[in-house]
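There are 2 protein chains.
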Amino acid sequence: MSVTAAQGFTAAGIAAGIKANGNPDLALVVNTGPRRAAAGVFTSNRVKAAPVLWSEQVVKGGEISAVVLNSGGANACTGPQGFQDTHATAEKVAEVLSAAGTETGAGEVAVASTGLIGILLPMDKLLPGIGTAAAELSAHGGEKAAIAIKTTDSVHKTAVAEGTGWTVGGMAKGAGMLAPGLATMLVVLTTDADVEASVLDRALRDATRQTFDRVDSDGCMSTNDTVLLLASGASHITPGYDEFAAAVRTVCDDLARQLIGDAEGASKDIRIEVINAASEDDAVEVGRSIARNNLLKCALHGEDPNWGRVLSAIGTTKAAFDPDALNVAINGVWVCKKGSVGDDRDLVDMRYREIRITADLAEGSESAVIWANDLTADYVHENSAYSS
Amino acid sequence: MSVTAAQGFTAAGIAAGIKANGNPDLALVVNTGPRRAAAGVFTSNRVKAAPVLWSEQVVKGGEISAVVLNSGGANACTGPQGFQDTHATAEKVAEVLSAAGTETGAGEVAVASTGLIGILLPMDKLLPGIGTAAAELSAHGGEKAAIAIKTTDSVHKTAVAEGTGWTVGGMAKGAGMLAPGLATMLVVLTTDADVEASVLDRALRDATRQTFDRVDSDGCMSTNDTVLLLASGASHITPGYDEFAAAVRTVCDDLARQLIGDAEGASKDIRIEVINAASEDDAVEVGRSIARNNLLKCALHGEDPNWGRVLSAIGTTKAAFDPDALNVAINGVWVCKKGSVGDDRDLVDMRYREIRITADLAEGSESAVIWANDLTADYVHENSAYSS
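Those protein sequence lines, which keep their order, are chains A and B. Residue numbering for the first sequence follows this note's numbering, starting at 99 and increasing by one per position. Residue numbering for the second sequence follows this note's numbering, starting at 99 and increasing by one per position.
It cannot be assumed that every hint is accurate.
Where chains are identical, the list cannot tell them apart; a pair therefore holds if satisfied intra-copy or between any two copies.
Below, a list of computed lysine to aspartate or glutamate pairs in the EDC-like style, where the Cα atoms sit at most 20 Å apart [unchecked claim]:
(1) K416 / E341
(2) K436 / D422
(3) K158 / D304
(4) K416 / D379
(5) K223 / E234
None of these hints come from the bench; they were simulated from the model.
From just these sequences and the hints, can you work out the full model?
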């Protein structure tokens with residue numbers, strides 16, 4: 099599992115003292131080769147954290163030797179000093195790895211951070227922690243790395259997909275601020291398939307577009323989202339594109355589902371499938387509008403199959419539809435038919451955590467699935483008491 | 099106050115039995131002339147309730163003799179039967195008023211409904227109620243009418259502005275689902291100024307664009323929003339446009355502020371002013387994005403001046419700005435300067451209900467104010483337990 103499931107990677111996770119509570123807060127993932135190809139996708143928020151600005155440049159080179167990730171501070175909205183700190187972090191990783199025999203430049207070190215916005219990282223703790231983490235690097239360190247990047251996550255998140263003689267594995271963190279343009283999350287995927295950077299980039303974009311980009315926990319987009327895919331080539335096998343892309347997508351899908359399942363304060367995971375749309379864009383727009391409707395999210399929390407709120411949400415979009423042709427099912431019961439009252443809402447069983455909403459636009463043949471969470475008093479409590 | 103503050107109007111509010119709890123649920127407002135000019139604006143939700151579809155047509159004629167409003171049922175998503183019920187309601191009002199000596203056609207009767215979506219109105223109670231209401235019409239009935247249109251409103255809402263020899267008054271209901279393109283609300287404004295329909299239309303659109311359209315309680319747009327402005331001409335005075343428009347805007351502003359102050363479950367009223375924007379559209383887009391950020395709304399509920407969430411929200415917009423030039427003040431303290439840490443956040447006093455956020459885009463000279471509410475556990479409870 100995790101980032102060391104594939105050959106050619108070592109990882110570590112330690113407590114550097116960035117978090118006041120002493121929990122693990124620093125992870126290091128190293129590609130030991132022979133290949134060091136990489137691709138990445140980042141938040142589309144225009145307010146980007148320093149590590150995002152840095153790592154976007156690193157990825158442009160198509161090679162990543164190592165990824166250093168910290169929890170306990172997002173290093174976002176921290177000005178020039180924040181960017182200097184990210185730079186110093188990458189330099190330190192390069193220095194430590196080079197000293198240990200793996201020649202690495204700072205320009206090949208990606209940096210990712212998560213935690214509070216608007217505070218500088220405690221570099222006096224972070225930099226020494228990099229030495230400690232490097233000393234613990236191991237081909238079995240993937241789980242510890244996954245644990246070290248947790249913030250309000252209740253569990254660490256890992257996934258793996260096996261090809262024929264090659265593997266894709268990964269880890270993710272994220273428990274709130276999950277919204278389109280990627281969730282608030284850090285994800286590192288690794289593979290020992292022998293794949294060049296341009297293919298990694300295509301596979302990663304194909305996968306994230308249909309997985310992480312369709313997770314919308316609370317409509318809030320982070321400043322720090324980062325998804326990296328690193329290839330070591332250690333299997334010496336180059337799979338066909340479709341086979342490889344499918345494995346990347348499987349891992350992304352698995353991690354995205356885990357993110358929704360662990361969202362802050364949520365009591366329901368809501369699978370919104372929009373069908374018979376005129377275009378995929380229409381389906382996604384409608385799905386997101388439903389996913390973000392606070393009144394609906396409250397109703398689903400209360401196990402109330404309130405289809406009127408689904409129609410209200412659809413009505414705010416620009417998608418092609420006729421209001422008198424809309425059909426909505428909740429957990430398989432078509433409670434709204436042709437824009438009006440359908441089957442008996444008392445037939446809808448909403449006791450379980452997963453709720454399925456199907457919105458039939460009756461316009462075409464395209465579809466999309468968006469995942470969301472309900473809105474709960476626990477979400478309010480967690481996010482009003484916790485400054486993040 | 100209310101719809102009978104201006105000369106030339108009578109109103110009534112009664113309990114017709116639409117609401118199971120026996121509270122008032124039917125209001126009637128009648129223009130006794132001599133003029134019967136009218137204008138209206140309606141929800142921009144593409145899923146429109148039957149009374150909205152009906153009243154949009156009525157307003158096109160530029161004349162309204164009477165408005166009948168019910169709470170206890172939105173008559174939205176009710177199919178052809180719902181539209182027939184709205185039509186029958188208007189017919190009944192016309193018949194009753196004509197029998198009492200005020201010759202009226204159904205095509206001059208606007209209908210507005212609010213309450214649960216997806217259930218048919220109890221016409222066996224509503225139609226007889228119209229006769230009862232007509233019998234109680236009075237030049238002092240404005241308060242009772244305002245009370246009869248309440249749903250989850252804790253108080254009824256009225257306002258008045260005095261011109262020189264003429265008056266604009268009004269009533270509003272709405273306590274949730276308040277969002278751009280008008281809040282979930284019904285508003286009837288009346289004036290005895292002698293003004294023709296085209297002028298009413300212009301003044302009403304100018305006013306709503308900067309008042310009701312800039313109220314965003316919970317990001318949810320209703321199927322039923324209706325704002326009507328009726329002129330009786332009873333003062334025989336035709337004010338200049340600017341003077342008249344200012345009075346209409348004053349009443350709209352007053353009612354919009356009352357709606358935010360009574361939003362479901364809210365503990366804070368948030369005034370978001372976006373300044374130094376490149377355009378007014380940019381200012382409004384940024385203001386709405388801040389207004390709809392659930393994480394920020396939770397933080398403000400917890401009296402946490404979490405400016406990082408303001409920046410995250412700004413970053414999701416298409417407005418012109420440089421992330422490193424953004425400034426944010428909360429209750430007058432510039433906690434974010436040039437995109438990074440500003441003055442001490444502990445200086446921010448957030449004990450009072452009203453919170454002021456100023457977002458300085460440092461790009462131009464345009465500005466806009468958006469009003470919002472915080473997100474609370476009470477909001478969740480009210481909207482998860484109550485099927486609306």
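Do the hints match the structure? See the list:
1. K416 / E341: Neither: 36 Å inside a copy, 37 Å across copies.
2. K436 / D422: within (5 Å within a copy, 50 Å between copies)
3. K158 / D304: Cα proximity of K158 and D304: one copy only (18 Å, versus 49 Å across).
4. K416 / D379: Close inside one copy (10 Å) and across copies (19 Å); limit 20 Å.
5. K223 / E234: within (17 Å within a copy, 77 Å between copies)
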